[in-house]
Structures are given as C-alpha cells and as structure tokens.
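Taking numbering that gives the first Met the number 0, the leading residue of the sequence shown gets 0, the next gets one more, and so forth.
The reader is advised that the hints may include incorrect statements.
Think about it this way: if two alpha-carbon atoms lie no more than 25 Å apart in a straight line, the pair counts; the simulated BS3-like pairs of lysine-lysine are [as the list claims (entries may be wrong)]: (1) Lys-399 with Lys-377; (2) Lys-118 with Lys-67; (3) Lys-380 with Lys-409; (4) Lys-356 with Lys-341.
For each label pair, taking beta carbons as the anchor points, the in silico distance ranges come out as [what the hints assert, rightly or not]: (5) Ser-388 with Glu-111: 57 to 67 Å; (6) Arg-276 with Asp-385: 12 to 22 Å; (7) Lys-409 with Gly-22: 21 to 31 Å; (8) Leu-5 with Gln-66: 30 to 40 Å; (9) Lys-52 with Tyr-282: 27 to 37 Å; (10) Asp-137 with Ala-82: 35 to 45 Å; (11) Lys-377 with Ser-194: 50 to 60 Å; (12) Tyr-282 with Gly-22: 16 to 26 Å; (13) Gln-256 with Lys-405: 33 to 43 Å; (14) Gln-315 with Tyr-282: 44 to 54 Å; (15) Gln-69 with Gly-16: 25 to 35 Å; (16) Glu-111 with Asn-76: 48 to 58 Å; (17) Gly-199 with Ile-354: 47 to 57 Å.
Since the hints were made in silico from the structure, they are not lab data. Each residue gets a CB set at the ideal place from its N, CA and C atoms; glycine is no exception.
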Amino acid sequence: MEGLELLIRKSFERLSGADYAIGNVFRPEGYDWPGDWEGRALLAFSCHARMGKEIACKRQMLELLPQKTQGRGYFGNTFDRTAIDEQQLAGHNWLLRGLLSCADAREKGASEQAELLMKNLFLPALDFYEMYPLGRKDFSGGVSGQKVQQCGNWILSSDAGCAFIALDGVAEYYARTKDSCVKSKMERAIARFSSFDFCGLHLQTHATLSALRGVLTFYETTKDVRFLSLVSRIFQLYIDRGMTLSYENFNWFEKTQNWTEPCAVVDSLILAIKLYRITGEQYYRTLARRICFNGLYFSQRENGGAGPNTCVTAEQPYLRVFMYEAPFCCTMRYAEGLVWCKENEELFGEENAPIVKNRGRFFLGDHLLVQDETGTFKREKHYNTDGKSLIAIPTLNNIKEETAKKVSLKVYWEES
C-alpha cells in the first residue's frame, strides 16, 4: 500500500516525542477529560506495538497506573451517581481499550487494571445509561468538548452523546470475559442509544461511530443480528447526513459549517472494514478505500500528528486545513487507523481504473480528484478531464506547516 509506511513512521516518531513521554503523558489533576489523554496514548502505543515497534512509555505507564489512579483504576473525581460526568466515561473508554490491548499482549498488570476500571467506574455508571437525557439542549463547543450543563443525574458535554463512546471498550471487555452482568447492562445501554434522534439532537459523529464500533463488537460476540442491523442502519445515516464530500465527517450530525475530526474518520474506516469482513458487501470495501485514500491520508501533518480539516459540501467545496494538529486526541487515535490499514492491507491495493464522474465528483478508482487552487502540488500527477486539470487528494505529511495551512483543494459536485 503506497505511502502507508511513511504515515506509520511519522506517527511513530510523533508519539515517541516529548508530548507523549512519561513526564507529560499523565494529565494534571482537574483535567476536563480525565483518562482521555492517558487512554488514547496507551492505545496508540499498543497499536504501534502491533505494527512491530515499541514505544517505551507504554510499559512505564502500566507501571505507574496504580499509583496515578490512586488504586481505584480510574482518573478524576470519585464516581457520583448524582453527577455522572460523560466526559470522564468517554475518556476512560480509551484507557480500557488500551489496557485490554496490552493484556492481549500479556503486559504485566494490564488485565488487573482493566478489571478494576470496569468494577469501579463502568459497572456503576452503566446502570444510569437508560436515564441519559434525550431532551438535552443543543450547545456549541470547540474541537475539544466542554461540560455545558447538568440534566438529571448527568453532566453533559458539548460533544453530545460522548458517554456512549464507552460502549466500545465495554463491548471489548465483554468479548474477553463473557461476564453476564456486563452483557445485560450493555444491552440496556444499546437500547437507549438506539432510541436517539441523532440528527435532531445533533449528536457528535465521533461519539456515535465509536459507540457503533462497540455495538458491532457486541454483535460479533453474541451473534444477535439485531445489533448488526442497528449498526448498518445508523452507519448509513452517518454516511448520508454526517459525512463530507471528501469522506471525512461533520463534527456533529448535519452541522456542516464546523470541522472534521480524524478520530471520527478512523472510526468510520474501522466500521467500513469490519462490515465488509462480516457481510462481504463490496459497498463497504469501496467505502473503506475512499475513507482511507481521501479522508485518512489528508489528515496527517508533516510532524506526524493529525488535525481537523474543513467540511466539504456542495455549498463549501474547498478542502483546507482547519486546525493544524489536535495533539490531545486525533494524533493518538490516528495510530489505530494506521494499524487497521496495515492489518487489512490487501483491501487497499491500487487498481487500474479509468477516471469516472460519479454524482459530480471525479474519481480515479477510489481516489477523489480535486483541483489544486493554490498550485502547491505541481509535482503531483495531473489528470485532464472535463476541461479541468485535477490531482488525487494528496497527503500533507511532506508539506511545511505554513504552506499546508494555505492549501486549498476544490471538490466538484453536481447533484444528480
């Protein structure tokens, strides 16, 4: 797969740097997303280990976790059933995922820490997922979400619905333990999730897609087709009303004038790959390829990190950098996208395909062709079609930051 090894190498170098070293990887007390940075980092380190390269901070983190979590297994305030912080639950999903991945690799202490986290945080919290507010207000937020209101027992985030990110890790835990108590709680949480008006509530697409990955993992364990049907239905809703014309995402459903988020691009890529493996439908294979070549690749920066881009729509056809890097989330989750590409590399081989016009967009195989408005990519191969000189969406990982911030790529679109 052309270019993948460079993406992997740059990601490894970024995650091996000072921002993710043991002196910085644990966040200060009072961090608004307890467990989030730590969990995403541990998971990212584990992903690179799966790709054959160890980052020393992984084992250092595992050694310090009991101390840093004060023997409770989790960060932040002690769980309070009258003030359930959905950002705390979302953040600890990544910690649980990272611990389970480390446990699979037989890393010392990882399994015990995962059990402690489940017992002390997730099992008590899951009892209240049936009460998650459906009538929450619509709040705006930044690239990093903020706590915005308390509604009933829940302290809600501008990353609307982020509590349900935890379905991802809980499903992974159940797949390994087959704990009947976890199963019943998971089923009730999924029932609440399935009742959402995703577009009406403008739920965060990253939260929705991470939750869907959890539901799909639960299906793989239980073989209950209801869960596969639910994933297929809501994922299609995301494709129709949450995905940009360049195969990235709107941060919230149907809010088209904000930014994309590589975390969600990674989630959508994994879902497409898994749904193809499960169903054999070529639709999902094509989707996975297009998300990878056009969404994932464009999100990596020269420093190896990843950052949000503009939302490409019919009304706003220009693909540009929105924020150079989101080191607190996207840079770390990007590693999971890379390991899924690496481990499914046969799906992403290049194909000899003609240029086609599909609903107004130009494609070379599964590469979206765009017009280089700023002339940054003169060395890229140009394709002359329909009176236009176009290039495949390039990567930015060999473009200096100041230049990358000026890049403008036009996506042509005509409604059929």
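Against the structure, the hints:
{"no.": "1", "hint": "Lys-399 with Lys-377", "in the structure": "15 Å, holds"}
{"no.": "2", "hint": "Lys-118 with Lys-67", "in the structure": "17 Å, holds"}
{"no.": "3", "hint": "Lys-380 with Lys-409", "in the structure": "16 Å, holds"}
{"no.": "4", "hint": "Lys-356 with Lys-341", "in the structure": "29 Å, violated"}
{"no.": "5", "hint": "Ser-388 with Glu-111: 57 to 67 Å", "in the structure": "59 Å, holds"}
{"no.": "6", "hint": "Arg-276 with Asp-385: 12 to 22 Å", "in the structure": "36 Å, violated"}
{"no.": "7", "hint": "Lys-409 with Gly-22: 21 to 31 Å", "in the structure": "44 Å, violated"}
{"no.": "8", "hint": "Leu-5 with Gln-66: 30 to 40 Å", "in the structure": "38 Å, holds"}
{"no.": "9", "hint": "Lys-52 with Tyr-282: 27 to 37 Å", "in the structure": "34 Å, holds"}
{"no.": "10", "hint": "Asp-137 with Ala-82: 35 to 45 Å", "in the structure": "22 Å, violated"}
{"no.": "11", "hint": "Lys-377 with Ser-194: 50 to 60 Å", "in the structure": "52 Å, holds"}
{"no.": "12", "hint": "Tyr-282 with Gly-22: 16 to 26 Å", "in the structure": "47 Å, violated"}
{"no.": "13", "hint": "Gln-256 with Lys-405: 33 to 43 Å", "in the structure": "21 Å, violated"}
{"no.": "14", "hint": "Gln-315 with Tyr-282: 44 to 54 Å", "in the structure": "26 Å, violated"}
{"no.": "15", "hint": "Gln-69 with Gly-16: 25 to 35 Å", "in the structure": "28 Å, holds"}
{"no.": "16", "hint": "Glu-111 with Asn-76: 48 to 58 Å", "in the structure": "23 Å, violated"}
{"no.": "17", "hint": "Gly-199 with Ile-354: 47 to 57 Å", "in the structure": "39 Å, violated"}
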